[in-house]
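Those sequence lines, one after another, are chains Y and F. The first sequence begins at 1 in full-length UniProt numbering and counts up by one. The second sequence begins at 1 in full-length UniProt numbering and counts up by one.
Just so you know, these hints were derived from the structure itself, not from any lab. Treat the hints with care, as some may be off.
Said to hold, decoys possible - Quick list of in silico lysine to aspartate or glutamate cross-link-like pairs, EDC-like style, CA-CA up to 16 Å:
hint	chain 1	residue 1	chain 2	residue 2
1	Y	Lys270	Y	Glu298
2	Y	Lys130	F	Glu51
3	Y	Lys278	Y	Glu295
4	Y	Lys130	F	Glu64
5	Y	Lys130	F	Asp127
6	Y	Lys285	Y	Glu262
7	Y	Lys130	F	Glu91
8	F	Lys67	Y	Glu153
9	Y	Lys423	Y	Glu315
10	Y	Lys170	Y	Glu142
11	Y	Lys143	F	Glu95
12	Y	Lys144	F	Glu61
13	Y	Lys144	F	Glu95
14	Y	Lys278	Y	Asp299
15	F	Lys103	Y	Asp139
16	F	Lys103	Y	Glu142
17	Y	Lys143	F	Asp92
18	Y	Lys130	F	Glu61
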Amino acid sequence: MAPIGGWMCCGRKSKFVAPLVNNDQDGTYDYDLAVIGGGSGGLACAKEAVNLGAKVAVLDYVTPSPQGTKWGLGGTCVNVGCIPKKLMHQAALLGESIHEAVAYGWEVPSLNDVKINWSALTESVQNHIKSVNWVTRVDLREKKIEYINGLGEFKDPHTIIATLKNGSKKELTAKNILIAVGGRPHYPDIPGAREYCISSDDIFSLSHPPGKTLVVGAGYIGLECAGFLNSLGYSATVLVRSVPLRGFDQQMASMVTNEMEEKGVKFHHKCVPLSVEKLESGQLKARWLNTETKEQSEDVFDTVLLATGRYALTEQLNLAAAGVNSLSESGKIVAEGEQTNVGHVFAVGDVLEARPELTPVAIHAGRLLARRLFAGAQQHMDYDNVATTVFTPLEYGCVGLGEEQAVSRHGADNLEIYHAFYKPTEFFIPQRNIRNCYLKAVALREAPQRILGLHFVGPVAGEVIQGFAAAIKCGITMEQLMNTVGIHPTVAEEFTRLNITKRSGKDPNPASCCS
Amino acid sequence: MSNVICQGLRSPVRRLAVLSKTKAISTSIVHNETILVKNNDEFVNKVMNNEKPVIVNFHAEWCEPCKILTPKLKELIEPLTNLDLAVVDVEDNAELVHAFEVKAVPAVIAIKNGLIVDKFIGLVDTDMINNLIDRMCGKKKAT
Numbered sequence: 001m002a003p004i005g006g007w008m009c010c011g012r013k014s015k016f017v018a019p020l021v022n023n024d025q026d027g028t029y030d031y032d033l034a035v036i037g038g039g040s041g042g043l044a045c046a047k048e049a050v051n052l053g054a055k056v057a058v059l060d061y062v063t064p065s066p067q068g069t070k071w072g073l074g075g076t077c078v079n080v081g082c083i084p085k086k087l088m089h090q091a092a093l094l095g096e097s098i099h100e101a102v103a104y105g106w107e108v109p110s111l112n113d114v115k116i117n118w119s120a121l122t123e124s125v126q127n128h129i130k131s132v133n134w135v136t137r138v139d140l141r142e143k144k145i146e147y148i149n150g151l152g153e154f155k156d157p158h159t160i161i162a163t164l165k166n167g168s169k170k171e172l173t174a175k176n177i178l179i180a181v182g183g184r185p186h187y188p189d190i191p192g193a194r195e196y197c198i199s200s201d202d203i204f205s206l207s208h209p210p211g212k213t214l215v216v217g218a219g220y221i222g223l224e225c226a227g228f229l230n231s232l233g234y235s236a237t238v239l240v241r242s243v244p245l246r247g248f249d250q251q252m253a254s255m256v257t258n259e260m261e262e263k264g265v266k267f268h269h270k271c272v273p274l275s276v277e278k279l280e281s282g283q284l285k286a287r288w289l290n291t292e293t294k295e296q297s298e299d300v301f302d303t304v305l306l307a308t309g310r311y312a313l314t315e316q317l318n319l320a321a322a323g324v325n326s327l328s329e330s331g332k333i334v335a336e337g338e339q340t341n342v343g344h345v346f347a348v349g350d351v352l353e354a355r356p357e358l359t360p361v362a363i364h365a366g367r368l369l370a371r372r373l374f375a376g377a378q379q380h381m382d383y384d385n386v387a388t389t390v391f392t393p394l395e396y397g398c399v400g401l402g403e404e405q406a407v408s409r410h411g412a413d414n415l416e417i418y419h420a421f422y423k424p425t426e427f428f429i430p431q432r433n434i435r436n437c438y439l440k441a442v443a444l445r446e447a448p449q450r451i452l453g454l455h456f457v458g459p460v461a462g463e464v465i466q467g468f469a470a471a472i473k474c475g476i477t478m479e480q481l482m483n484t485v486g487i488h489p490t491v492a493e494e495f496t497r498l499n500i501t502k503r504s505g506k507d508p509n510p511a512s513c514c515s
Numbered sequence: 001m002s003n004v005i006c007q008g009l010r011s012p013v014r015r016l017a018v019l020s021k022t023k024a025i026s027t028s029i030v031h032n033e034t035i036l037v038k039n040n041d042e043f044v045n046k047v048m049n050n051e052k053p054v055i056v057n058f059h060a061e062w063c064e065p066c067k068i069l070t071p072k073l074k075e076l077i078e079p080l081t082n083l084d085l086a087v088v089d090v091e092d093n094a095e096l097v098h099a100f101e102v103k104a105v106p107a108v109i110a111i112k113n114g115l116i117v118d119k120f121i122g123l124v125d126t127d128m129i130n131n132l133i134d135r136m137c138g139k140k141k142a143t
């Protein structure tokens with residue numbers, strides 16, 4: 001019989017808690033579904049399952065980062081990903097807006113005194129995150145989803161052991177098990193990495209202002225961090241190992257980095273970090289190697305932020321005990337239709353191999369999985385044409401194929417690329433840089449020219465691209481796009497004005513607007 | 001006092017009574033300091049079993065409106081001798097939060113003789129708070 005108050009994890013109760021029911025051959029389990037990982041994918045699946053009548057338990061645990069940072073329920077997105085990132089991006093944009101406001105007539109007293117208060121910013125951001133942690137916990141309680149704050153691992157195919165913070169262990173059995181453990185930042189194997197460097201796990205709650213920062217890595221995490229840090233007034237330098245935003249359309253990636261450079265971010269291309277050491281002053285000396293020129297360089301920073309990729313947290317799951325062996329080289333789980341090689345063990349979210357590592361992807365896949373498990377549904381997740389946005393100060397939003405991908409899949413002769421530079425109306429008055437405001441459509445050459453990909457660098461790119469993701473899903477063609485009347489004056493309408501092809505060689509710069 | 005369990009109460013209160021160990025004595029509050037609720041027992045003793053009506057404020061440190069409302073409540077209620085204020089930190093009192101179905105903060109629940117007599121969610125203005133206080137005190141205020 002369950003103790004009064006339910007199975008709430010609590011340090012005050014006894015060290016070892018016996019399982020509710022023995023898992024045995026007649027198939028009686030404690031839960032219909034046990035979810036390991038309380039992030040975007042895990043929670044979405046758990047909540048949907050409960051709506052469909054299942055008995056569900058969710059395990060969530062955050063191993064502290066090398067710098068000691070930990071956080072509450074909700075996963076990466078809520079705590080150290082999308083949410084704090086977007087808030088800091090907004091803080092950065094607001095800082096820029098204050099300066100632009102002057103051109104619009106606002107009398108801003110002592111503009112030079114306008115500066116960011118880092119602890120006020122992090123406090124606001126963390127308060128918001130805590131409110132989301134709380135609402136999430138209340139929601140789980142309301143829905144009667146058992147929440148166990150423990151690190152889960154397999155004991156056998158239907159049994160999970162959760163190790164709580166105080167060391168005690170709790171066993172539970174489940175008919176179905178969902179692995180939604182996500183990932184954590186990867187630390188390069190160089191001296192000083194774990195001792196002195198921070199990652200995205202730490203930046204959003206950093207107890208002191210970051211100061212002059214070196215960002216190692218030029219994927220979207222590195223660029224977004226370097227971007228907002230620079231806009232907040234902290235000097236930012238980025239080490240790029242190969243190319244920025246690898247995997248994304250490279251022409252668009254260079255627009256993004258050009259804009260960042262023009263705003264003052266320094267880039268060192270083809271460079272890899274060698275070491276980080278702490279100086280007597282408390283500052284950090286970082287050394288790096290240019291892999292092309294073989295030249296070594298060094299500089300002193302207040303903070304070194306590593307953004308060199310993320311790895312899936314599969315090792316600590318003891319998957320062997322469950323018989324799950326469908327792992328890729330990188331340690332991610334290969335699971336077509338989110339099902340591993342073990343029929344009742346599933347995986348969703350960042351832990352999956354070759355799937356976009358995005359919150360909405362995990363949420364949608366998690367929900368569809370719950371419906372297939374508990375409502376007899378048939379629908380599978382469509383991982384194609386998922387829109388995404390890089391939230392650098394000048395944002396980059398895209399959906400569908402990049403130009404390089406389209407060329408390799410269809411051949412350049414079978415494609416028509418429409419492109420244009422544009423000038424947002426609001427940029428004129430403060431004389432904002434318009435050199436990197438650019439968009440393009442990658443389409444099949446043959447009429448009606450079905451669109452394979454849309455790309456946009458500019459303000460509010462995420463808002464601009466979202467609607468077009470639905471259009472791509474409907475199979476939108478260039479003919480339809482060109483016959484769509486734009487909303488004026490917006491930046492999104494530039495998609496409806498596309499008419500110059502790369503093939504024509506004509507100048508894609510706008511003469512003026514409204515014509 | 002066993003009135004907590006015996007009377008026909010609304011379900012959250014009944015749930016709460018089951019959860020905590022009730023004592024068969026009532027406590028009287030000597031001071032008019034705000035009651036800082038740390039656990040279920042304290043809540044039952046000092047709020048449910050209080051002879052005076054109690055305004056229970058569900059509060060969170062990360063909640064901006066709470067930082068405005070809670071001091072305001074303290075300011076208005078501490079001088080009163082016939083009404084008490086109890087502050088419940090939602091992070092420390094998960095079971096109370098669940099028992100009273102608190103889904104957002106700040107939340108204020110007015111309790112008289114162990115019964116919920118009023119409730120509001122969110123930051124409200126001074127007039128509304130004063131109205132609530134008047135109703136709880138039966139329109140009598142200490143000078």
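Worksheet item: Checked against the structure, which of the hints given earlier come out wrong?
Response: 2, 3, 5, 6, 8, 9, 10, 12, 17
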